[in-house]
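Colleague: Sequence:
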Amino acid sequence: MGKKGVLLVNLGTPDSPEVSDVRTYLDEFLMDERVIDINAFKRTLLVKGIIVPFRSPKTSKLYKEIWDENGSPLLYFSKIQVAMVQEKLGGEYHVELAMRYQNPSIASALDKLKAAMVESIQVIPLFPQYASASTGSVIQKVMELVGKWQTIPPISFINSFHDNELMIDTFAQNAEKYQPESYDQILFSFHGLPERQLKKCDHSGQHCLKKNDCCATLTDVNKFCYSAQCHDTARLIAKRLNIPAEKYSVCFQSRLGKEPWVQPYTSEVLKELAEKGKKRLLVFCPAFVADCLETLYEVSVEYHEEFRALGGEEVQLVASLNDDPKFIEALVAMVKN
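Residues in the sequence shown are numbered consecutively from 1, following the working numbering.
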């Protein structure tokens with residue numbers, strides 16, 4: 001029998017922090033119809049005419065702040081994750097890494113699996129919570145590419161793992177060294193999405209954003225809702241650490257444009273907490289399985305500085321899953337089960 005193929009896919013990173021590479025990355029990322037889900041003509045004008053030209057130099061400077069001797073932290077930790085998963089799974093499996101945008105590309109990774117003549121392919125998008133713009137985009141891209149093969153092997157996808165016990169334990173253990181009980185408030189800051197994308201995922205048409213707490217509890221109606229899964233992840237980590245509901249907040253970062261995104265926004269929560277006299281905040285970013293620009297700079301630098309300017313003292317980031325052996329166990333279990 002042939003080997004079983006495994007494809008781990010993360011979002012992506014520029015090939016370098018230089019403006020030209022950042023421009024190429026942003027162009028591919030933002031031209032994805034699932035990321036900016038508007039009319040193709042309008043998306044092209046917006047991305048190529050406004051966002052990429054003006055945003056690339058600024059984003060390049062931010063990437064240079066987190067780039068180190070290992071290069072992109074996201075790519076560095078992703079490579080380690082793949083190597084560790086391969087070692088744990090052994091010779092019966094062939095594990096490849098891909099990025100949805102830029103390198104290593106999904107196409108190149110799939111070609112390697114095809115060349116290895118794997119008997120099946122399991123795809124794990126490395127996004128704990130399902131969103132059309134992340135997991136959905138990966139699944140669509142894989143199906144488009146494999147759909148052109150003459151022989152299509154059995155192929156399966158992990159839709160989400162927002163409630164994976166080993167993942168929850170890893171985040172909790174990463175936080176324990178900071179003594180969460182000593183902080184004034186715990187923040188669970190997730191990557192943001194436009195509200196319209198949440199509404200599109202509500203197939204009932206009767207639930208999403210119909211009331212303020214529509215995402216507070218995971219149900220059959222909202223089980224594929226990104227925001228509801230985020231709230232559930234936060235609840236499970238808080239439960240694991242015995243953090244009472246009143247001492248933690250769920251919020252969303254990385255907003256783009258003026259239209260409504262998933263709320264509350266992290267920046268507004270920081271302001272509210274500062275006004276209440278909160279001084280020290282411990283922040284989880286459970287939408288990311290590896291530290292990246294959004295964690296290492298947006299939270300650790302920008303939000304820390306923003307909170308101090310508001311009168312607070314500290315914003316402490318809880319490290320992501322990175323190369324933690326327990327998270328590797330979680331990925332291995334997903335593959336085998």
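These are calculated hints, taken from the structure and not from any lab test.
Keep in mind that the hints are not guaranteed to be accurate.
[Said to hold, decoys possible] Quick list of in silico lysine to aspartate or glutamate cross-link-like pairs, DMTMM-like style, CA-CA up to 25 Å: (1) Lys-58 x Asp-213; (2) Lys-61 x Asp-213; (3) Lys-88 x Asp-111; (4) Lys-258 x Glu-268; (5) Lys-4 x Glu-329; (6) Lys-326 x Glu-313; (7) Lys-278 x Glu-259; (8) Lys-48 x Glu-33; (9) Lys-258 x Asp-111; (10) Lys-64 x Asp-323; (11) Lys-4 x Glu-92; (12) Lys-223 x Asp-202; (13) Lys-61 x Glu-92; (14) Lys-326 x Glu-176; (15) Lys-200 x Glu-92; (16) Lys-58 x Asp-15; (17) Lys-199 x Asp-37; (18) Lys-336 x Glu-92; (19) Lys-177 x Asp-323; (20) Lys-112 x Glu-144; (21) Lys-58 x Asp-37; (22) Lys-326 x Glu-181; (23) Lys-48 x Asp-15; (24) Lys-247 x Asp-111; (25) Lys-177 x Glu-195; (26) Lys-112 x Glu-28; (27) Lys-278 x Glu-329; (28) Lys-42 x Glu-144; (29) Lys-336 x Glu-176; (30) Lys-177 x Glu-165; (31) Lys-200 x Glu-28.
Colleague: Which of the stated hints cannot be reconciled with the structure, identified by number in ascending sequence?
Modeller: The structure breaks hints 1, 2, 6, 7, 9, 13, 15, 24, 25, 27, 29; every other hint is satisfied.
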